[in-house]
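J.: So the protein lines, in turn, are chains Y and E.
If you're matching positions, the first sequence starts at 1 in the numbering used here and goes up one per residue.
If you're matching positions, the second sequence starts at 1001 in the numbering used here and goes up one per residue.
Honestly, I wouldn't trust all of these hints.
Not the full set, but computed from the structure, chain Y residues with beta-carbon under 8 Å of chain E [as the list claims (entries may be wrong)]:
| no. | residue |
| --- | --- |
| 1 | Leu28 |
| 2 | Thr29 |
| 3 | Ala53 |
| 4 | Asp55 |
| 5 | Ser78 |
| 6 | Tyr80 |
| 7 | Ser85 |
| 8 | Pro89 |
| 9 | Glu92 |
| 10 | Tyr139 |
| 11 | Ser147 |
| 12 | Val261 |
The hints are simulated quantities; they were obtained by calculation from the structure and are not laboratory data.
Ideal placement from N, C-alpha and C gives every residue a C-beta, glycine not left out.
Residues per chain are reported as follows:
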Amino acid sequence: MVGLSLGEKHFIQGGIAHDLRCDGRKRLTYRPILVETGVIPQANGSARVRMGATDVIASIKAELGKPSLLQPDKGKVSIYIDCSSTAEPAFEGRGGDELAAELSNALQDCLLGGKSGAGAGVDLSSLIVVEGKICWDLYIDGLVVSSDGNLLDALGAAIKAALCNTGIPRVQVAAGASNDEQPEVDVSDEEFLQFDTSGVPVIVTLTKIGRHYIVDATSEEESQMNSAVSISVNRQGHICGITKRGGVGLDPSIILDMISVAKHVSEQLMNKLDSEIASAEAEDES
Amino acid sequence: MIDLRMEYVSPEGLRLDGRRPMEMRQIRAEIGAVSKADGSAMFEMGNTKVIAAVYGPREVQNRSQITNHALVRCEYSMANFSTGDRMRKSKGDRRSTEISLVIRQTMEASILTHLLPRSQIDIYVQVLQADGGTRSACINAATLALADAGIPMRDLVTSCSAGYLNSTSLLEDSAGGPDVTLGILPKLDKVTLLQMDSKLPIDILENVMQLAIEGCKAIANYIREILLENTKQLEYRRGV
């Protein structure tokens, strides 16, 4: 928990009003983002993203499973977030579960699209092996190692980086199986297919403090927030999901204004992230 | 399985992963893995990778637990992706509770708790990758994190395991034979943790233990180097 004196609170609020925050950033500037890929060798793909003192790891595991009856032509993706107690003593025992559930839900909304799978960042039909019988189940696990605000953006970035790092084994389906039995499959351990990750959105959280809003809030700044809106935007500038947190109500016109700001910021973030991911991938391979 | 065991140490004296019986896996440590914590460290032994964070000494959270020595608490947790097969939620299961207890008792033995009355020290260890020897790796990481937090200790506790197979003692093995996990205070030459599963003749146990002690001492040397390097860095940054 952040303990701030009245003076510190005023200092943070005043700084934001003057477009100069405690660490010297402007309202719409991110902290430097560090991306490392391939950090968990056992996973199909993984990445670690650091923004200042916020540190998260995302890992992706693919398992063969059965598609659901309602959507026989689509694979399944699920996101689980875990808040490690190393990040904050308050997360000890079951203490982190509430935040973890909130983050998992927000990420699911932002990255996976609707219930039908339409509008998902990951193309679910590319996960199908045999229609109605076999598909890939993607398990996305996020771990918060250290938390200093803006966890959602960091997790979103880590998942994006991990997806870029993911290789799904090529699967050979034995021909000749009759229609009603489960076909035999041969999972290759040499050939891996890369994912199309161009559609994966980035998440921009705008935190409203006083009359202004900022991106990439630290935990001190987050403790002063009225409300926060997380907007996920993809390459084309389409909005893929919105979640609002925080107690205070927002004027609808402010939300629309926030969305246009988020769209603008997301372009820079997307470019920055893509170049970081590319250099991390190059380093991982060498 | 039997075949595997027979060939576990090849005629050339090499193990499956190419190590000699007395050889440890590659170890690597880093101080300051969690910037928000009072002390933190990352410790790797081969493919096992753990992070430890220390919060404290700070005010006791639960007032009924105030005593005239420091209260040491520990929580061990494994990440969902740490094992080969994905697993779901293991917080608070029996194994983690047992390991938390082992780590707490081992660390408590070296912390000078009487110097920090009415305070609490929290040690959190998080396993990122599990590939055998998580217990030892956690203890080593916790030692580094405690040292980084500047908590007074008698000595740096270090831990290492050793096994026994086909009449050879093996340092850090996971082949399923008897496994002795040892934690020592290397300078005081005292054992603070000793765990063994399955059975072993007493005279052989002595050998295996001796090997584990050597391993612990090697780790202690490495940890000392890392701490020294870290202190030099701090000194340099201060401009002394």
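J.: Please go over all the hints and tell whether each is borne out by the structure.
T.: Hints, one by one, checked against the model:
{"no.": "1", "hint": "Leu28", "verdict": "violated (24 Å)"}
{"no.": "2", "hint": "Thr29", "verdict": "violated (19 Å)"}
{"no.": "3", "hint": "Ala53", "verdict": "holds (4 Å)"}
{"no.": "4", "hint": "Asp55", "verdict": "holds (7 Å)"}
{"no.": "5", "hint": "Ser78", "verdict": "violated (11 Å)"}
{"no.": "6", "hint": "Tyr80", "verdict": "holds (6 Å)"}
{"no.": "7", "hint": "Ser85", "verdict": "holds (4 Å)"}
{"no.": "8", "hint": "Pro89", "verdict": "holds (5 Å)"}
{"no.": "9", "hint": "Glu92", "verdict": "holds (6 Å)"}
{"no.": "10", "hint": "Tyr139", "verdict": "holds (5 Å)"}
{"no.": "11", "hint": "Ser147", "verdict": "holds (7 Å)"}
{"no.": "12", "hint": "Val261", "verdict": "violated (28 Å)"}
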